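S.K.: The whole structure should be built from the sequences, with the hints applied where relevant.
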Amino acid sequence: MGGPQREFFRLLMIEVQTSMGIFEGKAGQVFFTYDQAALDGHKYFQAGRLIAWSVAHGGPCIKALDPSLYQLMCGQEPQLEQFDCSVLPDPDVQSRAKRILQCKTAEDLSALQQDLGDWISECGVPGVFSATIGDIAKIYAYVVKHYIFLRTAKMVNQFTEGMNGFGNLWDLVRNNWIAFLPCFTDMRTPLTKSSFKAIFKYEYSPRGTNHREKEEDTIYSWELVLNLIEDKLSEGHLRTC
1 MGGPQREFFR LLMIEVQTSM GIFEGKAGQV FFTYDQAALD GHKYFQAGRL
51 IAWSVAHGGP CIKALDPSLY QLMCGQEPQL EQFDCSVLPD PDVQSRAKRI
101 LQCKTAEDLS ALQQDLGDWI SECGVPGVFS ATIGDIAKIY AYVVKHYIFL
151 RTAKMVNQFT EGMNGFGNLW DLVRNNWIAF LPCFTDMRTP LTKSSFKAIF
201 KYEYSPRGTN HREKEEDTIY SWELVLNLIE DKLSEGHLRT C
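When we follow my numbering, the leftmost residue of the sequence shown carries the number 1, and every step to the right adds one.
It is worth saying that the hints were derived from the structure and are not from the lab. Bear in mind that the values here come from a model prediction, so they are computed numbers and not experimental data. Where is the CB? At the ideal position from N, CA and C, for every residue including glycine. Be careful, since some hints might not be right.
[Said to hold, decoys possible] List time: in silico BS3-like cross-link candidates among lysine-lysine, alpha-carbon distance up to 27 Å:
no.: 1; residue 1: 138; residue 2: 26
no.: 2; residue 1: 154; residue 2: 138
no.: 3; residue 1: 26; residue 2: 63
no.: 4; residue 1: 214; residue 2: 98
no.: 5; residue 1: 138; residue 2: 104
no.: 6; residue 1: 154; residue 2: 63
no.: 7; residue 1: 214; residue 2: 26
no.: 8; residue 1: 138; residue 2: 98
no.: 9; residue 1: 26; residue 2: 98
[To be verified] Distance ranges between label pairs, derived from CB positions:
no.: 10; residue 1: 135; residue 2: 182; range: 20 to 28 Å
no.: 11; residue 1: 122; residue 2: 6; range: 20 to 28 Å
no.: 12; residue 1: 40; residue 2: 203; range: 21 to 29 Å
M.R.: Structure (structure tokens):
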């Protein structure tokens, strides 16, 4: 690809991210907007088609999706219990998500149910009213999944349909999601410890087996390494090599 063509597609990807009204959030870590007018206008489809057009012609991809959102779009199950809610674009949702995380006692849970129970239930978690403290992490994960993915499912589907307009490109991405991770997410953006952990899901052997004990020792050591790295870096970020 020549210089002018490469520059054209680079600018096109910037326009798709910033000017079509279908993305929101921090640069390099965006989510889909919930915009029914844009949905009716097929803007999500157009964006997917433009991105596929760029990729099909050797141009850049968007490199801007939140990593957890990207994984959900690819049918994966990231550890949303570790999701960093500070990246959510809505300050009110940020505050409510933090409130869930701060729930540590039975008194906290009772207050949470009274203050935010209806909202959490509307996020697809009606069991919040019968929950225990041990359920808080899962409730948080469900709320995050609702907000960043399920709430905008129609927008996501229209976007992926647009990408599939070029040789079923999204199906290829979905089936090879790890290989395409650098294309759809900004790998240059520093990762916090929590967002780094959210990318991975631990698969343990059955309890009581020798393999399980070794796996737990390995994960414990891995957590120590992450803590050491985060403590050493002044901004608390984990940079990719």
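S.K.: Now tell me, hint by hint, if it's right for this structure.
M.R.: Hints, one by one, checked against the model:
no. : hint                   : result
1   : 138 to 26              : 25 Å, holds
2   : 154 to 138             : 24 Å, holds
3   : 26 to 63               : 12 Å, holds
4   : 214 to 98              : 34 Å, violated
5   : 138 to 104             : 14 Å, holds
6   : 154 to 63              : 21 Å, holds
7   : 214 to 26              : 39 Å, violated
8   : 138 to 98              : 14 Å, holds
9   : 26 to 98               : 18 Å, holds
10  : 135 to 182: 20 to 28 Å : 36 Å, violated
11  : 122 to 6: 20 to 28 Å   : 46 Å, violated
12  : 40 to 203: 21 to 29 Å  : 42 Å, violated
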